[in-house]
Amino acid sequence: MTGLPSWLQRGGLPLRTRLFRSVEKVADELLVLLAYNCKIVGESSQGEAVDEAMDSHALDMYKILMEADKLRLDILNRMIDILTPLQAVELLVALKKLHLCLHEWSKRRDIQMGITQLRNTQISSTSGPPEPEP
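Counting along the sequence shown from 1, when you hit position 77 you're at 77 in full-length UniProt numbering, and nothing is skipped either side.
In case anyone wonders, no lab produced these hints; they're calculated from the structure. Remember, it's a predicted structure, so these values are computed and weren't measured experimentally. Among the hints, a few may not be true.
[Said to hold, decoys possible] Calculated cross-link-like contacts (lysine-lysine; reagent style DSS-like; alpha-carbon spacing at most 25 Å): (1) K70 / K39; (2) K107 / K97; (3) K107 / K96; (4) K70 / K96.
[As the list claims (entries may be wrong)] FRET-style restraints, in silico, Cβ to Cβ: (5) S56 / R16: 13 to 23 Å; (6) I75 / K97: 31 to 41 Å; (7) D81 / G47: 21 to 31 Å; (8) R18 / S106: 21 to 31 Å; (9) R109 / R72: 31 to 41 Å; (10) V32 / V93: 18 to 28 Å; (11) D51 / K107: 48 to 58 Å; (12) K96 / D55: 28 to 38 Å; (13) H99 / R21: 42 to 52 Å; (14) L102 / Y36: 19 to 29 Å.
Quick reminder that beta carbons are idealized off the backbone N, C-alpha and C, glycines included.
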(Lines of atoms letter the chains of each structure in order from A and count residues from 1; the text may use other names and numbers.)
(Lines give C-alpha, C1' and ligand atoms only; values in the text may rest on other atoms or scores of the structure.)
Protein backbone atom coordinates (compact mmCIF):
# COMPACT_ATOMS: atom_id res chain seq x y z
CA MET A 1 0.00 0.00 0.00
CA THR A 2 2.84 2.36 -0.73
CA GLY A 3 1.93 5.71 -2.18
CA LEU A 4 -1.48 5.90 -0.47
CA PRO A 5 -2.11 8.72 1.98
CA SER A 6 -1.89 7.69 5.63
CA TRP A 7 -5.56 8.55 6.29
CA LEU A 8 -6.57 6.09 3.56
CA GLN A 9 -4.28 3.39 4.89
CA ARG A 10 -5.72 3.85 8.38
CA GLY A 11 -9.26 3.59 7.02
CA GLY A 12 -8.67 0.58 4.78
CA LEU A 13 -6.64 -1.68 7.05
CA PRO A 14 -9.21 -2.11 9.84
CA LEU A 15 -11.86 -2.76 7.23
CA ARG A 16 -9.84 -5.52 5.60
CA THR A 17 -9.04 -7.00 8.99
CA ARG A 18 -12.73 -7.10 9.93
CA LEU A 19 -13.60 -8.73 6.61
CA PHE A 20 -10.96 -11.43 7.05
CA ARG A 21 -12.09 -12.05 10.63
CA SER A 22 -15.69 -12.40 9.50
CA VAL A 23 -14.73 -14.95 6.84
CA GLU A 24 -12.61 -16.85 9.36
CA LYS A 25 -15.51 -16.77 11.83
CA VAL A 26 -17.77 -18.47 9.29
CA ALA A 27 -15.10 -21.06 8.53
CA ASP A 28 -14.50 -21.75 12.23
CA GLU A 29 -18.09 -21.88 13.31
CA LEU A 30 -21.30 -23.77 13.05
CA LEU A 31 -22.07 -23.11 9.37
CA VAL A 32 -19.17 -25.26 8.20
CA LEU A 33 -20.24 -28.14 10.42
CA LEU A 34 -23.86 -27.80 9.38
CA ALA A 35 -22.92 -27.72 5.70
CA TYR A 36 -20.61 -30.71 6.10
CA ASN A 37 -23.35 -32.78 7.75
CA CYS A 38 -26.03 -31.94 5.16
CA LYS A 39 -27.21 -34.92 3.16
CA ILE A 40 -28.92 -32.67 0.61
CA VAL A 41 -27.36 -29.32 -0.26
CA GLY A 42 -29.25 -26.48 1.37
CA GLU A 43 -31.33 -28.61 3.71
CA SER A 44 -30.74 -29.02 7.42
CA SER A 45 -32.51 -30.56 10.37
CA GLN A 46 -31.13 -27.71 12.47
CA GLY A 47 -32.88 -24.83 10.71
CA GLU A 48 -32.89 -22.54 13.75
CA ALA A 49 -29.14 -22.92 14.24
CA VAL A 50 -28.57 -22.24 10.54
CA ASP A 51 -30.77 -19.14 10.69
CA GLU A 52 -28.93 -17.78 13.73
CA ALA A 53 -25.51 -18.37 12.16
CA MET A 54 -26.62 -16.83 8.85
CA ASP A 55 -28.11 -13.81 10.65
CA SER A 56 -24.86 -13.26 12.53
CA HIS A 57 -22.83 -13.50 9.33
CA ALA A 58 -25.23 -11.18 7.46
CA LEU A 59 -24.98 -8.60 10.24
CA ASP A 60 -21.17 -8.76 10.13
CA MET A 61 -21.21 -8.29 6.34
CA TYR A 62 -23.69 -5.41 6.65
CA LYS A 63 -21.44 -3.60 9.14
CA ILE A 64 -18.42 -4.09 6.88
CA LEU A 65 -20.33 -2.77 3.84
CA MET A 66 -21.49 0.28 5.79
CA GLU A 67 -17.94 0.99 6.93
CA ALA A 68 -16.65 0.54 3.36
CA ASP A 69 -19.30 2.96 2.10
CA LYS A 70 -18.24 5.56 4.68
CA LEU A 71 -14.62 5.15 3.56
CA ARG A 72 -15.67 5.49 -0.09
CA LEU A 73 -17.58 8.70 0.64
CA ASP A 74 -14.67 10.07 2.66
CA ILE A 75 -12.35 9.44 -0.30
CA LEU A 76 -14.82 11.07 -2.69
CA ASN A 77 -15.20 14.14 -0.45
CA ARG A 78 -11.44 14.53 -0.14
CA MET A 79 -11.07 14.22 -3.92
CA ILE A 80 -13.74 16.85 -4.52
CA ASP A 81 -12.06 19.18 -2.02
CA ILE A 82 -8.88 19.29 -4.11
CA LEU A 83 -10.64 19.72 -7.47
CA THR A 84 -12.02 22.86 -9.03
CA PRO A 85 -15.85 22.98 -9.13
CA LEU A 86 -15.86 22.12 -12.85
CA GLN A 87 -13.47 19.21 -12.32
CA ALA A 88 -15.62 17.95 -9.44
CA VAL A 89 -18.75 18.00 -11.60
CA GLU A 90 -16.94 16.22 -14.43
CA LEU A 91 -15.68 13.59 -11.97
CA LEU A 92 -19.15 12.99 -10.53
CA VAL A 93 -20.68 12.70 -14.02
CA ALA A 94 -17.97 10.26 -15.10
CA LEU A 95 -18.43 8.18 -11.94
CA LYS A 96 -22.19 8.04 -12.43
CA LYS A 97 -21.76 7.00 -16.05
CA LEU A 98 -19.32 4.29 -14.99
CA HIS A 99 -21.78 3.07 -12.35
CA LEU A 100 -24.66 2.90 -14.85
CA CYS A 101 -22.53 1.13 -17.46
CA LEU A 102 -21.29 -1.45 -14.96
CA HIS A 103 -24.85 -2.06 -13.81
CA GLU A 104 -26.11 -2.68 -17.35
CA TRP A 105 -23.09 -4.75 -18.35
CA SER A 106 -23.53 -6.88 -15.22
CA LYS A 107 -27.20 -7.50 -15.97
CA ARG A 108 -26.34 -8.59 -19.50
CA ARG A 109 -23.54 -10.82 -18.25
CA ASP A 110 -25.80 -12.41 -15.63
CA ILE A 111 -28.31 -13.27 -18.33
CA GLN A 112 -25.59 -14.74 -20.55
CA MET A 113 -24.27 -16.83 -17.64
CA GLY A 114 -27.71 -18.24 -16.87
CA ILE A 115 -28.77 -16.39 -13.76
CA THR A 116 -32.46 -17.29 -13.57
CA GLN A 117 -33.91 -14.07 -12.21
CA LEU A 118 -32.34 -10.65 -11.85
CA ARG A 119 -33.19 -8.52 -8.89
CA ASN A 120 -35.61 -5.62 -9.36
CA THR A 121 -36.14 -6.34 -13.06
CA GLN A 122 -38.58 -8.23 -15.21
CA ILE A 123 -35.76 -9.80 -17.21
CA SER A 124 -35.50 -13.55 -16.81
CA SER A 125 -32.70 -15.71 -18.03
CA THR A 126 -32.98 -18.16 -20.89
CA SER A 127 -31.79 -20.94 -18.58
CA GLY A 128 -35.08 -21.11 -16.71
CA PRO A 129 -38.66 -21.59 -17.80
CA PRO A 130 -40.29 -18.49 -19.25
CA GLU A 131 -42.33 -16.32 -16.95
CA PRO A 132 -46.10 -16.77 -17.35
CA GLU A 133 -47.66 -13.80 -19.05
CA PRO A 134 -50.54 -12.05 -17.22
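Hints versus structure:
| no. | hint | result |
| --- | --- | --- |
| 1 | K70 / K39 | 41 Å, violated |
| 2 | K107 / K97 | 15 Å, holds |
| 3 | K107 / K96 | 17 Å, holds |
| 4 | K70 / K96 | 18 Å, holds |
| 5 | S56 / R16: 13 to 23 Å | 20 Å, holds |
| 6 | I75 / K97: 31 to 41 Å | 19 Å, violated |
| 7 | D81 / G47: 21 to 31 Å | 50 Å, violated |
| 8 | R18 / S106: 21 to 31 Å | 26 Å, holds |
| 9 | R109 / R72: 31 to 41 Å | 23 Å, violated |
| 10 | V32 / V93: 18 to 28 Å | 46 Å, violated |
| 11 | D51 / K107: 48 to 58 Å | 30 Å, violated |
| 12 | K96 / D55: 28 to 38 Å | 34 Å, holds |
| 13 | H99 / R21: 42 to 52 Å | 29 Å, violated |
| 14 | L102 / Y36: 19 to 29 Å | 36 Å, violated |
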